[in-house]
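Engineer: Sequence:
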Amino acid sequence: MTAYVIPLIFLTVLIITFVKRKNGYSVFVDGSKSALSLMAEVFPYLLTVMMAVELFRASGVSAAVSSAVEPVMNFFGIPKELTELILVRPLSGAGALAVLDNIYTLYGTDTYVGLCASIIYGSSETIFYVSSIYFSKSDIKNLRYSIPVALIATFTGCVLGCFVMKLM
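The numbering of the sequence shown is our numbering, which starts it at 49 and goes up by one.
Treat each hint with caution, since some may be false.
Below, a list of computed lysine-lysine pairs in the BS3-like style, where the Cα atoms sit at most 30 Å apart [what the hints assert, rightly or not]:
#1 Lys81 with Lys68
#2 Lys185 with Lys70
#3 Lys81 with Lys185
#4 Lys128 with Lys214
#5 Lys81 with Lys70
The following label-pair restraints were derived from C-beta to C-beta distances [claimed, not checked]:
#6 Met99 with Tyr182: 39 to 45 Å
#7 Gly72 with Ser186: 38 to 44 Å
#8 Val212 with Ala116: 25 to 31 Å
#9 Leu191 with Met216: 34 to 40 Å
#10 Thr153 with Ala88: 35 to 41 Å
#11 Leu59 with Gly108: 35 to 41 Å
#12 Arg192 with Val113: 32 to 38 Å
#13 Thr60 with Tyr152: 35 to 41 Å
#14 Ala88 with Leu62: 41 to 47 Å
#15 Ile181 with Ala116: 27 to 33 Å
#16 Thr60 with Gly108: 48 to 54 Å
#17 Phe211 with Ser115: 21 to 27 Å
#18 Ala100 with Ile64: 40 to 46 Å
#19 Lys128 with Ile64: 22 to 28 Å
Don't read these hints as lab results, they were simulated from the structure. None of the values given here were measured: they were computed from a predicted structure. C-beta atoms are modelled at their ideal positions from N, C-alpha and C, and glycine is treated no differently.
Construct all of the structure, not just a fragment, from the sequences and the given hints.
Structural biologist: This is how it looks when you write it as structure tokens:
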């Protein structure tokens, strides 16, 4: 069934362009032009966030901060093994996936730590990445409340996810 999805989309677009009497090729080229200009505008923001995340992990700051906030995580009922995942996830999906893979390798997928890690990874977002993309295209340049509220909501979700997992 999935083998037919792309040809079906292609055929649907051709039929719509024929019915609306539009030149499908010129519309496609115009869309490509706007996509290139969008990428040129967004790329510096994206590159900055990616470099900052890689520096954060490669320099060892991520592991040091994880060790420092371990007592706070324990107070909220989050296993100490998940502190690096909670710190990296708002910054980078790929970096968080690498941390998640490491957690699965060390503790397994069906353990409490592995299940909490799955909940945290699946229910949180790469806040700084998404913010850099969305806010680079909007007129809003003052991110006064958006980032802190998103971080608090993510942390609250992590705490509640681990709490519910503990109850199960």
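Engineer: Indicate, hint by hint, whether the structure satisfies it.
Structural biologist: Going through the hints against the structure:
{"no.": "1", "hint": "Lys81 with Lys68", "result": "holds (22 Å)"}
{"no.": "2", "hint": "Lys185 with Lys70", "result": "holds (29 Å)"}
{"no.": "3", "hint": "Lys81 with Lys185", "result": "holds (16 Å)"}
{"no.": "4", "hint": "Lys128 with Lys214", "result": "holds (15 Å)"}
{"no.": "5", "hint": "Lys81 with Lys70", "result": "holds (18 Å)"}
{"no.": "6", "hint": "Met99 with Tyr182: 39 to 45 Å", "result": "violated (19 Å)"}
{"no.": "7", "hint": "Gly72 with Ser186: 38 to 44 Å", "result": "violated (31 Å)"}
{"no.": "8", "hint": "Val212 with Ala116: 25 to 31 Å", "result": "holds (27 Å)"}
{"no.": "9", "hint": "Leu191 with Met216: 34 to 40 Å", "result": "holds (36 Å)"}
{"no.": "10", "hint": "Thr153 with Ala88: 35 to 41 Å", "result": "holds (39 Å)"}
{"no.": "11", "hint": "Leu59 with Gly108: 35 to 41 Å", "result": "violated (53 Å)"}
{"no.": "12", "hint": "Arg192 with Val113: 32 to 38 Å", "result": "violated (24 Å)"}
{"no.": "13", "hint": "Thr60 with Tyr152: 35 to 41 Å", "result": "holds (40 Å)"}
{"no.": "14", "hint": "Ala88 with Leu62: 41 to 47 Å", "result": "violated (30 Å)"}
{"no.": "15", "hint": "Ile181 with Ala116: 27 to 33 Å", "result": "holds (30 Å)"}
{"no.": "16", "hint": "Thr60 with Gly108: 48 to 54 Å", "result": "holds (51 Å)"}
{"no.": "17", "hint": "Phe211 with Ser115: 21 to 27 Å", "result": "holds (23 Å)"}
{"no.": "18", "hint": "Ala100 with Ile64: 40 to 46 Å", "result": "holds (42 Å)"}
{"no.": "19", "hint": "Lys128 with Ile64: 22 to 28 Å", "result": "violated (55 Å)"}
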